[in-house]
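Student: Chain residues, written in single-letter form:
2 protein chains.
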Amino acid sequence: MSKNLGNNTIFFEKGPSIISSASVVGKMEGDGPLSNFFDMVENDQYFGQSTWEKAESELCKRTVNTALKKANLSFSDIDFAVSGDLLNQCIGSTFGMRDSDTAYLGIFGACSTMAEGLFISSVLVDSGAANYVISSSGSHFCSSERQFRQPLEYGGQRPQTSQWTVTGGGSIILGKNASPPYITHATVGKIIDKNITDTNNMGSAMAPAFCDTILSHFKATNRSVDYYDLIVSGDLGYVGSMIAKDLLKENGLDISKKYNDCGLMIFDRQKQDVHSGGSGCGCGASVLSGYILHQMREKKLNKVLFVATGALMSQTSSFQGESIPSVAHAIAIEN
Amino acid sequence: MSKNLGNNTIFFEKGPSIISSASVVGKMEGDGPLSNFFDMVENDQYFGQSTWEKAESELCKRTVNTALKKANLSFSDIDFAVSGDLLNQCIGSTFGMRDSDTAYLGIFGACSTMAEGLFISSVLVDSGAANYVISSSGSHFCSSERQFRQPLEYGGQRPQTSQWTVTGGGSIILGKNASPPYITHATVGKIIDKNITDTNNMGSAMAPAFCDTILSHFKATNRSVDYYDLIVSGDLGYVGSMIAKDLLKENGLDISKKYNDCGLMIFDRQKQDVHSGGSGCGCGASVLSGYILHQMREKKLNKVLFVATGALMSQTSSFQGESIPSVAHAIAIEN
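Top line first, the protein sequences correspond to chains A and B. When we follow the numbering used here, the leftmost residue of the first sequence carries the number -1, and every step to the right adds one. When we follow the numbering used here, the leftmost residue of the second sequence carries the number -1, and every step to the right adds one.
By construction, these hints were calculated from the structure, which means they are not laboratory data. Only a predicted model underlies this, so the values are computations on that prediction, with no experimental measurement involved. The hints are all genuine.
Simulated pairs of lysine-lysine, DSS-like, Cα-Cα distance not exceeding 27 Å:
hint : chain 1 : residue 1 : chain 2 : residue 2
1    : B       : Lys301    : B       : Lys243
2    : B       : Lys1      : A       : Lys1
3    : B       : Lys1      : A       : Lys12
4    : A       : Lys256    : A       : Lys297
5    : A       : Lys174    : A       : Lys297
6    : A       : Lys12     : A       : Lys67
7    : A       : Lys1      : B       : Lys12
8    : A       : Lys1      : A       : Lys174
9    : B       : Lys174    : A       : Lys1
10   : B       : Lys301    : B       : Lys255
11   : A       : Lys174    : B       : Lys1
12   : B       : Lys243    : B       : Lys298
13   : A       : Lys174    : B       : Lys217
14   : B       : Lys297    : B       : Lys255
15   : B       : Lys217    : B       : Lys243
16   : A       : Lys25     : A       : Lys68
17   : A       : Lys301    : A       : Lys247
18   : A       : Lys174    : B       : Lys12
19   : B       : Lys243    : B       : Lys192
20   : A       : Lys68     : A       : Lys12
21   : B       : Lys217    : B       : Lys301
22   : A       : Lys12     : B       : Lys174
23   : A       : Lys12     : B       : Lys12
24   : B       : Lys217    : B       : Lys12
25   : A       : Lys217    : B       : Lys174
26   : B       : Lys192    : B       : Lys247
27   : A       : Lys68     : A       : Lys298
28   : B       : Lys1      : B       : Lys12
29   : B       : Lys174    : A       : Lys174
30   : B       : Lys174    : B       : Lys297
Computed from the model, here is a short list of chain A residues facing chain B with C-beta under 7 Å:
hint : residue
31   : Met(-1)
32   : Asn2
33   : Asn6
34   : Thr49
35   : Ile89
36   : Asp99
37   : Ile189
38   : Ser312
39   : Thr314
40   : Gln318
Beta carbons are placed, not taken as given, at the ideal position from N, Cα and C, and that holds for glycine.
Build out the structure end to end from the sequences listed, making use of the hints.
Tutor: Structure representation (structure tokens):
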């Protein structure tokens, strides 16, 4: 059974177990500092397909298949697949999963998708509805650029606040408590909109949502920052991370000693010229599924709070002058 | 606790209760046969906003606020909001819910969204994670036409197999078992793709997914068609409904005596010139939240299987020559 601790925070009494995780990334991510922790680095940006959107579906397919293989499971063992991405109507996921022959739940949380998927999967396992659930998310630089910004051929100049959409994805299989790491708590975020309208400055738009969720999580759990070995945001990037730390300090919470951001971890920001860092559904998903869970299995990290943030606007809403509503979900993972 | 009966079917032991439901529709839906069952008919297609997308968000806001009012609850009583729609990045829902100050889970299941939302909400309530969850979905004819088809001003001719996207939405609040109707079972669909590529013939693309879910549901529950007073598809329309009935007959299941389709119920197909009938996230959502649940409260219907179907393609995937993957989720609602 799950227990609601207030402040949108759920405690999973049985602690669904992370059975397996897999990450697949593109060439640029493979050239970054976390290179050794990904299961697969694909140098062909088309992933052997004819379009970037089909490449993104192929990426999704590879992450889930790799996670299944690592767990020695097949789709017939899986009760539910929970997946989502940034593409219109989430076609990265739906086309990636269409041959899975598994009950499918599509979700949309922009770059918060991996955390939302882990929350829904945890409830499914903890409630007794499922033995195994696979959740996945991914993104592709080229399909995102042409959908949200400009055709790549246009060669538009990127402002320093902008982030670089990660070509990558992650997939995690949850099951009844077998062995650590476990998911012990989740804090589900509210939509927070502080009237940021600049789509080249997503970190600023998402930072307040991150702070709201972090404050709710610590209030509900009575934990201190020191409890965790790592508090990691999905992809606030350099600008958003600075704002987030400042906002939390104003609220009496200093997370700086334990804090990092997947968007800062996946690239060498200066050398790889990605301005404010990485972003996209696949950023948090691949860093969690690759690096972080590897460190947890090695006991180099034992208590991690993974907080994926999402910017919930579309190109249409921005064209219509709207600001960027954001959300952040926190998942506590413990050995 | 929830119990997995196999065949992707969950039995909710405590049977989450439908506390309240609300439906809001546009003028054309208000002129249709179900007119008296909707909570609100808005004659202004802009819903007082400056764009159709903002109108869709306003529609979402009105359905959730009406459902809350009817239940004598406010957002502060609600643990989670689960919502989704057809617009790119689900902006109908995210902008509609951004002032709710409630933990938010965005979902994407195209026109199956209402059923997916009810399933996730049921698990949240049944698992103990939530006391109250609100789920909602909606669609708008004008925003859908311009996103998926052509600018309205173009006046393109619609083939007879095409369906008319409903301007409308529905919202349902679930809580711990207080009084009927209850949600007793859910069958979550797999993605089914039978290689239909014609986006003006969605009913044909979705009918096989409907059949797959129906067959799984009856296999898992050992129920017969006669058990239900009504088996209702979300929006297969005239063409899809005919195909679905035929496909099920080929599989030894005759549902024709108990079967109807929300897309056929919401419009007078001939008089209102909607060709194959209604469709869109808001079709099943408003017919369920309005007409069907009204009949259940009046005990004119006591056992209903609501099966919402979704076509999971995007404009991009269709432009790239892809077929239409579909999904259908079944929710058993009983007094």
